[in-house]
Every structure is written in C-alpha cells, then in structure tokens.
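Trainee: Read top to bottom, the protein sequences are chains A and B.
The first sequence stops at residue 190 when you use the numbering used here, and every number in between is there.
The second sequence stops at residue 1081 when you use the numbering used here, and every number in between is there.
One or more hints might be untrue.
[Unchecked claim] The calculated DSS-like cross-link candidates involving lysine-lysine, where the alpha carbons are at most 27 Å apart (straight line), are: (1) LYS142(A) <-> LYS37(A); (2) LYS21(A) <-> LYS1077(B); (3) LYS95(A) <-> LYS1052(B); (4) LYS1039(B) <-> LYS21(A); (5) LYS1052(B) <-> LYS21(A); (6) LYS1014(B) <-> LYS1039(B); (7) LYS7(A) <-> LYS87(A); (8) LYS26(A) <-> LYS1039(B); (9) LYS95(A) <-> LYS1081(B).
[As the list claims (entries may be wrong)] Label pairs and their computed distance ranges (CB to CB): (10) ALA1007(B) <-> ILE99(A): 14 to 22 Å; (11) GLN167(A) <-> ALA1007(B): 56 to 64 Å; (12) SER4(A) <-> ALA1007(B): 19 to 27 Å; (13) ALA189(A) <-> ASN1042(B): 48 to 56 Å; (14) PHE1071(B) <-> LYS135(A): 35 to 43 Å; (15) ASN132(A) <-> LYS1013(B): 27 to 35 Å.
[Unchecked claim] To give a feel for the contact side, a few chain B residues facing chain A, derived at Cβ under 8 Å: (16) ASP1016; (17) ASN1025; (18) ASN1049; (19) ILE1050.
Think of the hints as simulated: they come from the structure by calculation, not from any bench.
None of the values given here were measured: they were computed from a predicted structure.
The C-beta atom is built at its ideal place from N, Cα and C for all residues, glycine as well.
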Amino acid sequence: MTTSSAKIFHDIAMNLSFEAKMAKTKGDENAYLEQMKQAFFLEKEAALKIHDNSVIWKHALIRSAGWLAFKSGLFTDALDLVKFGQKGNPPEYLKAELIQLENEIFQKMGKPQNQQHQTELLQIFGFLISANIPKSQIEIQKDENASILINVPSEKINDIVRMYWGQAVEIQGIQQQNGAFEMKAIKVAA
Amino acid sequence: MEIGEGADFFLCKKTDSNKLSFQQNPAAKLEVSGIWNEKLGNTINMRINIKKRQVEKGTLGFPIYIIVVEFGGLKAKFIKK
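So here's chain A without its partners, still in its complex pose (with noise of 0.2 Å):
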C-alpha cells in the first residue's frame, strides 16, 4: 500500500519538475520555482512513505527530494533530507550523490564543506495532549512515562491544536544546541 502509493506521489512530483522546467525555458522563474516546490513536498512525502532503509528506492527518493529542494531554494529542507539519507545507510552510489548535493547546498549558503551540521532532522511519534499557546509550545506524549515539549511557529500553532489535539502524530523537528525540539513538519502518523 505504501510503496504504491509513494509511486503515485513519485509520479506526479516529476510530472510537476518537468512542468518547471518547461516553465524556466519560458522565461517564467515564478512558475517554475513555485511547481518545483510542490514536486519537492510530493517526493519527500514519496521517501517518507517507503519505510524499510533496505530497500533503494527510499534512499533514491531522498536524493531527489533534496534536489527538488534545493532547486527550489529551499536549502535547509535540502540540507534536513542529505543528513536524513545519510542517517539511513544508502548504498556508496547514493551516499556519493548525497555528499555532492551537500557541496551544492554549502556554496549556496555559504558554508565550509567541512563544517558540522549543528541540525539534523528527527522524526516524532506520539499523541498532541497539550499546548501551550502563548509560548508556541505542544507537548507531545510518546510513551506512558516520557513527554517531550516541542516548539511550534506561532502562526501555525492554532490550526495545529484545532487539527491534531489528542491524535496520534508523526513530527519532523530540528533538536536545537540549547536541547529544545522545533518543529518543522506535522501529520497524522500513519
């Protein structure tokens, strides 16, 4: 079920990168910026849907989420996925195209290559039992004895509290130097 359906997103992610690329050769950047994104957001849901590290198709749509990303100039998303495919042991071909959209991303942001990530992205599973929402927070219950508070971006804490209170939810995070956990993505955990 999942991996078809990974297919499925796969599929119109890179329907939507030909269309941007179609677009640019038309002069629109707008367009094609903005349907690269889109075709980003669809592959990485793609990789998220393929479970098992083992299989290469996960690692693969990892990789090119990140370049949708980063062609997209989102470059911190890119950067989130690289570590994230790294952290899930792909075969050498891949882990080498990894490392080269790395250097890609540290050119355009400015970085050494050789410098340390302070970010790595972290998955969340767990159920929304409280909110705190003067300090953006939600507190999310992974287990019978352990809770962990999470910062939210202000403006999205209400939708998240009308959508998510009490379900059980799959959250991709940022652990920050000083330990607190931000949030960067929300969804029902399947």
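Keeping the supplied structure of chain A fixed, place chain B upon it in accordance with the hints.
Mentor: For chain B alone, coordinates are given in the frame of chain A:
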C-alpha cells in the same frame, strides 16, 4: 528521479500487470544526456566520458546504462557501464 542536472532513471523489469511499483527492485540505472550539435569541446564522446566519471561512485548492484543524444544530427551513443 531528480538529480543536479536534469534527471536519471531506474529501470525495472516488466511485470505481468504492466504496473510498476517500488516493491520491485531496479534492474538497471539509465543516465541520459543530450547536446544540440557536436562541436569542438562538446562532443558525444566527451559527454559520455563525463557521465562515466559521474557514475564511478561505487556500485549499485545492477548495471548503469548511459545514453547521449545529439539532437541536431539525430545521433545517439549508448553504452553499458
């Protein structure tokens, strides 16, 4: 799949249903490149060599095919790496 310059392709064997999914393992990878017209400094063979260097990054466990097309002369070269 999206890559730095354009896209590359993973090829699968044909199934009975003719429907492809990520449940199948890839049987090969296809790298495609094109030039408008061959000229000094930009020939099909040079482009093939660039692609060959790009794919020398380790093995994938299946063959890699490279095809370079010259659109002006409607000529193509196809190799297996």
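Trainee: Broken hints, numbered, in rising order?
Mentor: As far as the earlier hints go, 1, 6, 11, 14, 15, 16, 18 and 19 are violated by this structure, in ascending order.
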